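Q: What follows is each chain in one-letter form.
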Amino acid sequence: MLLTVTDLHKGYASADGQITVLDGVSLSLNAGETLALTGESGSGKSTLLHLIGGLDSAYRGQILLDGVDLTALNDADRAALRRGTVGVVFQQFNLIPSLKVADNISFQARLADRHDAAWCAQLANRMGLDAQLDKYPEQLSGGQQQRVALARTLAPRPKLVLADEPTGNLDEETAATVLALMLDLVRDTGAGLLMVTHSQALAGQMQRQIHLRKGRIA
Amino acid sequence: MTRATLHALLSHWWRNPLQLFTLLAGLALATALWSGVQAINAEASASYDAAAATLGEGQFDQLTARDGGTIPQATYVALRRAGWQVSPVVEGRLNGVRVVGLDPLTAPGGLGPITVSDGVEINTFLSGGGQVFGRAEMLDRLPDIGAQPVSAPDVAPGTVLTDIGLAQELLGRDGVITRLIVVPEQPLGRPSLAEVSPDLTRQVAQGTNDLGRLTDSFHLNLTAFGLLSFAVGIFIVNGAIGLAFEQRRPVVRTLRALGVPLRSLMILMAAELAVMALVAGAIGVALGYVIASLLLPDVAATLQGLYGQTVSGTLQLRPVWWLSGLAIALGGTALAAASAFWRLAKMPLLAGGSRRALSMAAGRTAQVQGVLAAILLICAAGLALVADGMVTGFALLGTLLIGAALALPLILDRVLALAAWLSRGIRAQWFWADTRQQLPGLSLALAALLLAMAANVGVSTMVSSFRLTFVGFLDQRLASELYVTAEDAAQADALTAYAADRVDAILPIQSADTQVRDLPTEVFGARIGPTYTDNWTFLTATDAPWQRVADGGGILINEQLARRTGLALRDTVPIMDTTFTVAGIYGDYGNPIGQAILSEDVFATLYPDVNALQFGLRLPPDSVAAFRADLTRDLGISEGAMINQAGIKQFSLDVFDRTFTVTTALNVLTLAVAGFAILMSLLTLAALRVPQLAPAWAMGMTRRSLGVVELIRAVILAVFTAAIAMPLGLALAWALLSVVNVAAFGWKLPMFLFPADYARLGLFALVAAALAALWPAWRLASTPPADLLKVFSNER
Amino acid sequence: MNVKALLLFLMLPFAASAQGFAGLGTDAEGFAVPQPNPQFSFPADHGAHPDYRIEWWYITANMTGPDGTPYGLQWTLFRSAMAPETRAGWNDPQLWMGHAAVTTPDAHFVTERLARGGIGQAGVTADPFAAWIDDWQMTGFDDARLTASGPDFAYDVNLTATGPLVFQGIDGYSVKSAAGQASYYYSQPFYELSGTLTLPDGDVPVTGTAWLDREWSSQPLGDNQTGWDWFSLSFDDGAKMMGFRLRQTDDQNFTSATWIDADGTATPYSDGAFNAAPQATTTVAGRDVPTQWQVTLPDRDVDVTVAAINPQAWMDTSVPYWEGPVTITGSHGGQGYLEMTGYE
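Protein chains in written order, with the working numbering: chain A, 10 to 227; chain B, 35 to 830; chain C, 1120 to 1463.
With the rest of the complex left out, here is chain A (with noise of 0.2 Å):
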């Protein structure tokens, strides 16, 4: 099993008093599987996704990934677990403006001490971005964009990619394209993914759905 989360809860202080954002979730992946994760604004998706990847913490449950109990880990072992074990793939895309395409690409590779120049260059192939190597992420366009961002994720061959509303800045025909992508390099790569989405459409190519309602699946 890839990853298993066993009763999870978190929750935030307010001024209004304490807000439950996750209740007792409970879910599991294999590598090689991919999830959907659904749900309304605020339901808790994007919660769960940023803890199972490490950018958030203080929760309590378990998380299992790769056989590693994230409570355990500190600031600076989180950061070896997002370098190297977890891709995410995120709705603004984050990339870094002031390099070029190609060092994008490269660079989350770069950062686990992972980098595969042939890898890379497949990566780039398959995305169809072959002409835009040389040129700087301000200069492409929404979807093309994402696709670097994909290609940085998978460029370590991750275990889990995480993906948060990936499609949710691109038209309809783009989002439809960079998904198939995904889906593709991800079965090709044996990754487990974990996608949030609110369509449904999107939601039905996955193998598994969970659906999420205030903090818990229903």
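In short, the hints are calculated from the structure, not lab data.
Treat the numbers as computed from the prediction; the structure is a model and nothing was measured.
Cβ atoms here follow ideal geometry from the backbone N, Cα and C, with glycine treated the same way.
Please note that a few of the clues may not be correct.
What the hints assert, rightly or not - Below, simulated SDA-like cross-link-like pairs (lysine to any residue); rule was C-alpha separation at most 20 Å, straight line:
(1) A:K109 to B:W48
(2) B:K380 to A:S66
(3) A:K109 to B:T36
(4) A:K109 to A:Y145
(5) A:K168 to A:G93
(6) A:K144 to B:H41
(7) A:K168 to A:T13
(8) B:K782 to B:G506
(9) A:K109 to B:Q281
(10) B:K380 to A:D84
(11) A:K109 to B:H41
(12) A:K144 to B:W48
(13) B:K782 to B:A429
(14) B:K380 to A:D86
(15) A:K168 to A:L82
Claimed, not checked - Facing chain B, a subset of chain A residues (Cβ under 7 Å, in silico):
(16) R91
(17) N103
(18) I105
(19) R119
(20) L120
Unchecked claim - Some chain A residues well away from chain B (every beta-carbon gap over 12 Å; in silico):
(21) M10
(22) G20
(23) D32
(24) L79
(25) A81
(26) A130
Use these hints to put chains B and C onto chain A, whose structure you have.
A: Just chains B and C, lined up with the frame of chain A:
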């Protein structure tokens, strides 16, 4: 990981070279101003130290001839044979170079600044051919004297050192000595000086370095400039670093999301900043060197003219100086970056960075800033009432300036709000509201402008007040048309006899050294007449002070003596066992020691051995030249022994003109730095401005008029800032003149106002602001419509 | 190193460290060199010999105060020439240095003076005899007055010669090394002394005996000699002995001695006859200095222990050395002076 992270961080600068430039240039300019001023101060104080070390001046007591002439060498030997541990010095000028001859065997400091590593060949030095030590330019000016010249940069400027034997020969002073240095440790059982050589008089060392005290007032100006320009620089650097961090905030978040630990990121960014600080510091030090080299000749001329102190006109690269320049750059950067790093460390990985949160935080900051400013300004007001020393004086300056700088954005904000409220018409209202919105981004630059202007107003006022006071004081003091110095008592007698019925009045200038309440004091004996009674002005005086002095019971003292000893009018002063009553206190600017005036007759009774050798002669100004010629022809008095009053006054005014050259140059430089700060802020704001201005453009304003508005905005902000800077500068001037000056030198300078100067300074500031705004405004005016349109498209 | 220290290396070859006098002494270029069988002429030879490199007038005295406290006194005038000539004025190549000291059992007062020849500040005249530097002076020879002063002490004593001059070595030609370096060397060891010491606690009237050494040369030591230990001993029976040991880099010593009968008859002893061996050392000014010695001259049945009255009699002058009064016990009783140079 490190390489990839560093690559990502550094690539930011390659993509945004303008930001890199502003950061480096801001730091470099701040360092340059600071280190330029420091270089001048360091060069001057090194010159004083070299002079003190070379000549034992200030450190050791000295014996000099009572009549001001030379001392026979036999007297030196007689003193030594009586047990007096004294060391001979012979001094004179050769081709304009001051030649000092020492005896290294008996001199308490040996050969002063010279060490054996400088190439002393003691055999050569002591006998036969000889060696002469000095700076290369001085050695070059000596005639060919057969001695071996040795370059020694630590010898006082304008001076060469050699063995006393060779010096006597060079100066044609065989068998005579100029003065004797008294070694601090003396043997038991030695007879008194009067028994061995009654013709000599002992001058007690001042303890502290006299040269330093004399010139302190000048250096205080420079130091004040240095500190203020550094403060201005720190504001700039803080702004530059704050903006750089702000702009890279998204990148930092992405890097952390991709797995770079916060700790590594902070270390890398700190290292990056340190490297930049060093680079900018090095550039700044080099620039500072250029500034100092350009200004030093004027500074040297000023010091030479005002105080007769020789300062080398050429700059030496002292390691202490450039290292401190780099340290200042590093320290300033660290100081400026501290808050940016703190925010970076506190920044949550997933913070939404919502506008609302930011503006709430800004509101809190403004509150804190306002409270802090109020506290500082209240402290300043309190200090203004009680400050009476250097420390409280500088604390006053500090609280005043920082408080004002902190208060500036709040005041401007209120002013702009008021303007918006008062304005009619939508354009005007939009203009004021938009200006107000820009204020946070510009406030650092405006604070820099405020400090620069206030410093300029303050220091200009101080220098100009000093000039005005000093010139008036010269008129009072240099009343006689001609000053003549006699070589000896016989010539003095001949002179008084000759001049008696040829001039309107003869005023002997005679003085003796004494101590009044432990303060070294010069007592003068004055021939009281209309010259004194008509010209002399007092700070405070009894009725008819001169009459009281003439009657024998009164004494006049200078302000320094009064302040340092706490003497007031009608207090009693004992001089040589006789008691006098203070009849008046007069201003005596530029003099470090106490001074007192008695009548000629009383003085003669107290000091029967002192004979006047110097005389002021009153005669019609147009007959001065003819009378000089007569004196030379009939009495053989040399031209060099006579000085025209007009000549001295002209010389003094020339000296002040030099001071003004330096002050003006520093004024322009600090304003340039402030202008640069404005330019930088506007450029970095430009990107943020586009979305703000796009709606105005869309609603029908031309790009050109938008650019003009930007320019007007900068000038209006500068006008408001200048309006606040004026009173601040005057407060600064008041603190410098009435608190710091009194604490440092013992006299209070009256403060004069120079509205024309302030108007010119204000104009400079506006020009600087306008120039700084010109390019950003032009860039804005030529923004392609496509970029403005983007604001409305989805892609932003 | 400052100029003064350099000067002192020039002026004080015998007291300098081993490094200090390497290169000095042996090269007598331009300077006169002592020759065997000297013919002295007095009073002229009491005066200066400017064509020799170095020369000194060296007085040490053992004294007693009213309460029996032993005191020691030193008065030395050194002459060092940069060239074998004299000139009037500051260009005179003759340099002068004075050392004065008073030693009590628990204190040691030292001071130093420097002067140039040629201007009258320091010098020596033979007839009438006067040797001076600043206010310090020795005037008269057989009946002499000796004065010196420092920041914390002074003395003013009278000396009366009660015996003849004694010529050291062979008739005043004193060999200093196996290689033949030598000096002219004579003494007046028979001074009776009376006078006053001025010390921080007040004036002390003293009486005692004094010993004058006159020595001049241009090449005093061999290259391999590192310093010396010099003894002037006055025995209770009226006989006296001068002995010195020159230490060499090969740990060998060169010794020389003169036995002086109570009537002034002198017997020289060449290398090896006299022996001095350290018995105890004291840490003085951060270095170990022998302050108790076994001194033997078997030919005269002398086997005595010589011990410093104040082991801390360190001459803290520009170039430092040890000099102070000693007591003698063993085969003979008595008192004397000890000088030790070259201890690092």
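Q: The structure should be examined with respect to each hint, and the outcome stated for every one.
A: We went through each hint and held it up to the structure:
Note on K109 (chain A) and W48 (chain B): the hinted pairing holds, with a Cα-Cα distance of about 12 Å set against a maximum of 20 Å. Restraint check: the Cα-Cα separation between K380 (chain B) and S66 (chain A) comes to about 15 Å, which is no more than 20 Å; the hinted pair holds. The straight-line distance between the Cα atoms of K109 (chain A) and T36 (chain B) is roughly 18 Å, inside the 20 Å bound, and the hint therefore holds. Of the supplied pair hints, the one linking K109 (chain A) and Y145 (chain A) holds, its CA atoms being roughly 5 Å apart against a limit of 20 Å.
Restraint check for K168 (chain A) and G93 (chain A): the C-alpha separation of about 8 Å stays at or below 20 Å, so the hint holds. The suggested pairing of K144 (chain A) with H41 (chain B) holds, with an alpha-carbon distance near 16 Å, which does not exceed 20 Å. Simply put, K168 (chain A) and T13 (chain A) have alpha-carbon atoms about 14 Å apart, close enough for the 20 Å limit, and the pair holds. At roughly 15 Å between alpha-carbon atoms, K782 (chain B) and G506 (chain B) fall within 20 Å of each other, so this suggested pair holds.
Distance check on the hinted pair: K109 (chain A) and Q281 (chain B) sit about 18 Å apart at the alpha-carbon level, within 20 Å; holds. Pair hint K380 (chain B) plus D84 (chain A) holds up; C-alpha atoms about 14 Å apart against a cutoff of 20 Å. With a C-alpha separation of about 11 Å, the suggested pair K109 (chain A) and H41 (chain B) falls inside the 20 Å cut-off, and the hint holds. Between K144 (chain A) and W48 (chain B), the direct Cα distance comes to roughly 14 Å. Compliance with the 20 Å bound is thereby established for this hinted pair.
As the CA atoms of K782 (chain B) and A429 (chain B) are separated by approximately 19 Å, the hinted pair is consistent with the 20 Å bound. Under the criterion of a C-alpha separation no larger than 20 Å, the hint pairing K380 (chain B) with D86 (chain A) is consistent with the structure, at around 19 Å. For the suggested pair K168 (chain A) and L82 (chain A), the alpha carbons sit about 18 Å apart, so the restraint of at most 20 Å is met. The closest approach between the C-beta of R91 (chain A) and any C-beta of chain B is roughly 4 Å, which is under the 7 Å cut-off, so the hint is satisfied.
A hinted interface residue such as N103 (chain A) counts as satisfied when its beta carbon comes closer than 7 Å to some beta carbon of chain B; here the least separation is about 4 Å, so the hint holds. Interface restraint check for I105 (chain A): the shortest CB-CB distance to chain B comes to about 5 Å, inside 7 Å, so the restraint holds. Taking 7 Å as the C-beta contact cut-off toward chain B, the hint placing R119 (chain A) at the interface holds, the least distance being around 4 Å. About 5 Å separates the beta-carbon of L120 (chain A) from the nearest beta-carbon of chain B, less than 7 Å, and the hint is met.
Residue-level check passed: M10 (chain A) sits 23 Å from the nearest beta carbon of chain B, beyond 12 Å. Even its closest Cβ contact with chain B, about 15 Å, leaves G20 (chain A) beyond 12 Å, as expected for a residue assigned away from the interface. With a least beta-carbon separation of about 20 Å from chain B, D32 (chain A) lies farther than 12 Å from that chain, consistent with its non-interface assignment. For L79 (chain A), the condition that its CB be more than 12 Å from all CB atoms of chain B holds, with the nearest at approximately 14 Å.
Distance check on A81 (chain A): its Cβ is at least 17 Å (rounded) from any Cβ of chain B, clearing the 12 Å threshold; non-interface status holds. Distance check on A130 (chain A): its Cβ is at least 18 Å (rounded) from any Cβ of chain B, clearing the 12 Å threshold; non-interface status holds.
Figure legend: structure checked against the earlier numbered hints; every hint is met.
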